[in-house]
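There are 2 protein chains.
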Amino acid sequence: MTRITALETADVRFPTSLSLDGSDAMNPDPDYSAAYVRINTDAADGLVGHAFVFTIGRGNDVQVAAIEALAGHLVGRDVEALLADMGGTWRELVHDSQLRWLGPEKGVMHMAIGAVVNALWDLRAKREGRPLWQVLAAMTPEALVDLVDFRYLTDALTPDEALQILRAAEPGRAAREAQLLRDGYPAYTTTPGWLGYDDEKLARLCREAVEEGFSQIKLKVGGDLADDVRRLGIAREMVGPDIRIAVDANQRWDVDDAVSWIKELSSFDLAWVEEPTSPDDVLGHAAIARGIAPVPVATGEHMANRVMFKQFLQHDALQVLQIDATRVAGVNENVAILLLAAKFGVPVCPHAGGVGLCEAVQHLAMFDFIAVSGSLEGRMIEFVDHLHEHFVSPVEVRDGRYVTPTAPGAGTEMRSASLAGYTVGTDV
Amino acid sequence: MTRITALETADVRFPTSLSLDGSDAMNPDPDYSAAYVRINTDAADGLVGHAFVFTIGRGNDVQVAAIEALAGHLVGRDVEALLADMGGTWRELVHDSQLRWLGPEKGVMHMAIGAVVNALWDLRAKREGRPLWQVLAAMTPEALVDLVDFRYLTDALTPDEALQILRAAEPGRAAREAQLLRDGYPAYTTTPGWLGYDDEKLARLCREAVEEGFSQIKLKVGGDLADDVRRLGIAREMVGPDIRIAVDANQRWDVDDAVSWIKELSSFDLAWVEEPTSPDDVLGHAAIARGIAPVPVATGEHMANRVMFKQFLQHDALQVLQIDATRVAGVNENVAILLLAAKFGVPVCPHAGGVGLCEAVQHLAMFDFIAVSGSLEGRMIEFVDHLHEHFVSPVEVRDGRYVTPTAPGAGTEMRSASLAGYTVGTDV
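Protein chains in written order, with the numbering used here: chain D, 598 to 1025; chain R, 598 to 1025.
In case anyone wonders, no lab produced these hints; they're calculated from the structure.
Label pairs and their computed distance ranges (CB to CB): (1) 793(D) - 755(R): 30 to 36 Å; (2) 743(D) - 861(R): 26 to 32 Å; (3) 824(D) - 913(R): 37 to 43 Å; (4) 751(R) - 942(D): 28 to 34 Å; (5) 751(R) - 755(D): 36 to 42 Å; (6) 615(D) - 1012(R): 47 to 53 Å; (7) 809(R) - 669(D): 39 to 45 Å; (8) 642(D) - 890(R): 57 to 63 Å; (9) 1013(R) - 684(D): 45 to 51 Å; (10) 793(D) - 603(R): 31 to 37 Å; (11) 755(R) - 682(D): 48 to 54 Å.
Pulled a few chain D residues facing chain R out of the computed Cβ check, cut under 10 Å: (12) 651; (13) 658; (14) 659; (15) 663; (16) 666; (17) 693; (18) 697; (19) 703; (20) 704; (21) 709; (22) 747; (23) 752; (24) 877.
Covered stretches of chain R (in silico footprint by chain D; criterion: 3 or more residues with CB under 8 Å from a CB of chain D, positions within the stretch not fixed): (25) 620-632; (26) 652-660; (27) 683-697; (28) 894-902; (29) 905-916.
Don't be surprised by glycine CBs; every beta carbon is placed ideally from N, CA and C.
Can you make the complete structure from the sequences, with help from the hints?
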C-alpha cells in the first residue's frame, strides 16, 4: 500500500507592492503570496502533489497554519484510496465537524481545504501522466457527479440534473478536445489596467494588448470617478471600438453608488462590471444588475462557496460567473459551480492573475468546455502577465489565447528555485 | 502616553466531548475551546483586556495564529487613542487590505479581529469601571453611530436612520436601566436538549428547567425524525402546554427537507426552528420561512458578517435574529446588527452557551434593551449551564432570568487558574 508520508508547507511571498502590479481600489499595495503545500508519498514513482492558496501578503502565515491543521486527515493514509474517491475525500475534509466551526465552509479554513484538495488532484494527474483538464474530461458523468457534494444545492441542482447536463455534453467530447489542443482557449488581459499605473503606461499596455491579439482588456475602477473617465477615454482611444473593455471595482461600492457610478461610464461601452460591491451581497448584486442593464455584472473571485454561487444564479445577480482556483474548496467545489452555471446557462470566465492562478484555473475552464457547458461562447480566461516564471509549467498565451497545456499535473507546481528564493519565516 | 505592550494568546481547550455536552446533529463531539487573547498596556492601573473566539476544538490553534497576526496593528499604539475611537480602530483592522483577502470579512481572520476588538472593549469598560452594557448604553446616539461601518449597509440602513432609531430610544434609557438592574433579562435554556443525552436525562432536565423558572427550552433535532418525534413528545409531556419549545437543526437540511421535516413536528407547537440549513443561504431560509409559517425561523450564530444579516432581514428570511459574541468582528459589528434588527422590527435572541458566550453576549442584549430596541418583547438570551466556573465574573441566572452584571468589563475574562489548567501546546 502506498501512503502519504508528509504534508509540507511554505510561506512564499513576492514583493509585488514595489511596482504596484496588482494595485486596485481595494488593494493598493498587494504582495502576491502563496500558502504552499506539498503532499509526499512513499510510492516508488517519487511524485509529489503541489498546490497553494493565493493571498496578497499579510496573513499568509495564518493560511499556512490552516493547511498544517489538515495534516492529521492525510498523513499515513492510503493514497490510492484517497485519490480513487475524491468525492469522499472532499466530504471528509469539509465536514470535519470541529474544523467546520471555523467557517463554516468559508475563509481561511475552507481555502486551506482547497489547497489540500488541489494538491491531491495534482498528484492524481501526475500519476495518470495527464494534465488535470484531461483527467477530469475523461471521467464518466457518474464519476463526475460523485465528486460533488449536493448538500445545500438540491433546491437549484439535483444529482440527476447534473447527470443529465454531463450526459448531454458527452457526444462532442472528443471533437472539443481536438479543437482545444489545436486552437487553445480564449483569453482577455488585465495587464494594462492596474490603478497604480500612470496614463502613459496604461496607453502603452493597451496598445500592446491589441498587438498581442487580445479581444478584451480590463481596467480597475472605483478610486475616483474623474480618473476612471480619463483612463477609460485613453483605453478606448488606444484599443478602438472593436476591442471589449471590462471594468473591475473590487467591491468598492454600496448598491446605489455602483449604479450611479457605472451610469457615468456607460458611454465607454463596457463589456462587464466586476465586483461592484460586497461578494456576500446576493440581493445587492441583483439590484445593481437591474440598475445597470444591459451591462452585465461579473463576480465570483471572492465568493466563499457553492451556496453563494447558487444564490447568485437563482437570483440573476450575475451574468458572468468568475470561478477562482484557490478560494473555494478546490477542484471538487469548482466542478459543482461549473454544473450550477451550466444549469442556469451563465458563461464562466475564470478569475486569474495573482500567483499561479492562470496556471491552475485554465484546467477548469478547459474541462468545462469539453465535458460540461460544451461552449466557448462569451467565455474567456483572465490573463495577467506576472510571476509565471516561477512555475514548472508556466502558461503560454499566444494570439490572445491560452495554449492548452499537456504537461501532467494541475499546473500548480512552483519551481524549487523560486520556492527556495521566496519562502519567508521558518516554514521552509 | 499609555501604550499597548503586548498581545498575548492562549490555546484553551476543554474536553467536553467526553460527556456529549454540546452534541447536536452537525457537531457530534465538540471540545469547547477558546482562542484567547490578552491585551497588556504600560498603564499604572495594571488593567488587561481579555477576550476570545469560541471554537469547538480542532483548529483552535489556527484561530490563535490569526489573532497573533493582528499584533502589528496594536503593539506600541496609544491606548487612549485606540479606545476613544473604536469606530476608527475597527475600520483599520477590518480594512487591512492584505488581511482582508483572507475573508473578506468572514471566517478565521474576521473572528480574530472580533476577539481583538472585544478585548479592547473589555479594557475600555474596565478603565471606566463599568460593565460593557453600561458603557455602551451611556454613549450618545452620535457616538454609537460612529462605531458602525455602514459600508455595504446603506441600501438597508443609513447613518441618519440609525441616528433616528437611537434618538427615539433615548428618553426611556434611565427607566429601562433601572428595570434591568431590578429584574434582569429573560433567558431560555438549551441545557436539556443535546442530542447525545438519553431519554431519561432529557426528561429530568426538562422537569428541572420548569422548576428553575424558564419559560422556554430548546431541543436539538435533525439527526433522525423518529427520534425527534419521541424526544419532543417527552419534552412536551414534561414541560406542559405553557412552556415554549424551540428546536435547533444546526444546518442539517436542504430547503425541501427542512420544510417537510418541520411539518412532521408541527403538532408540538414549536416556538421557532433554528438553523434549518446553510447559514449562507438567504434565499433558502426565505423559502423555508414561507414553507413552515407561522413557525418562525431563527438563525445568526454562524452568519459571517453584517452584510449577511442585512440580506436575511431584507428578504424576511428570519423572524428571530441570533447574534453571536465571537463570530462577527466584535462589539462594533454587533451594534450594526442590532440597529439593522431594530430597523426591520425583528427581535434579537442572542446565541450563547459554548465557552463564555453567555458571559459575553448578555452585555449586547442589555445594551439593545436600554438604547436600541427599547423592548423585551419576544426577546430572550440563550442559557446553557456549562463552564461558567472558569470565568472571573460568571453569569448568574435566577428564576429564568439573567441577573444584570455590574462588574467592570465585558465579562470575557477567564480565571487564571482555568487558563493555566486548560491551555494546550506552546501558546501559554
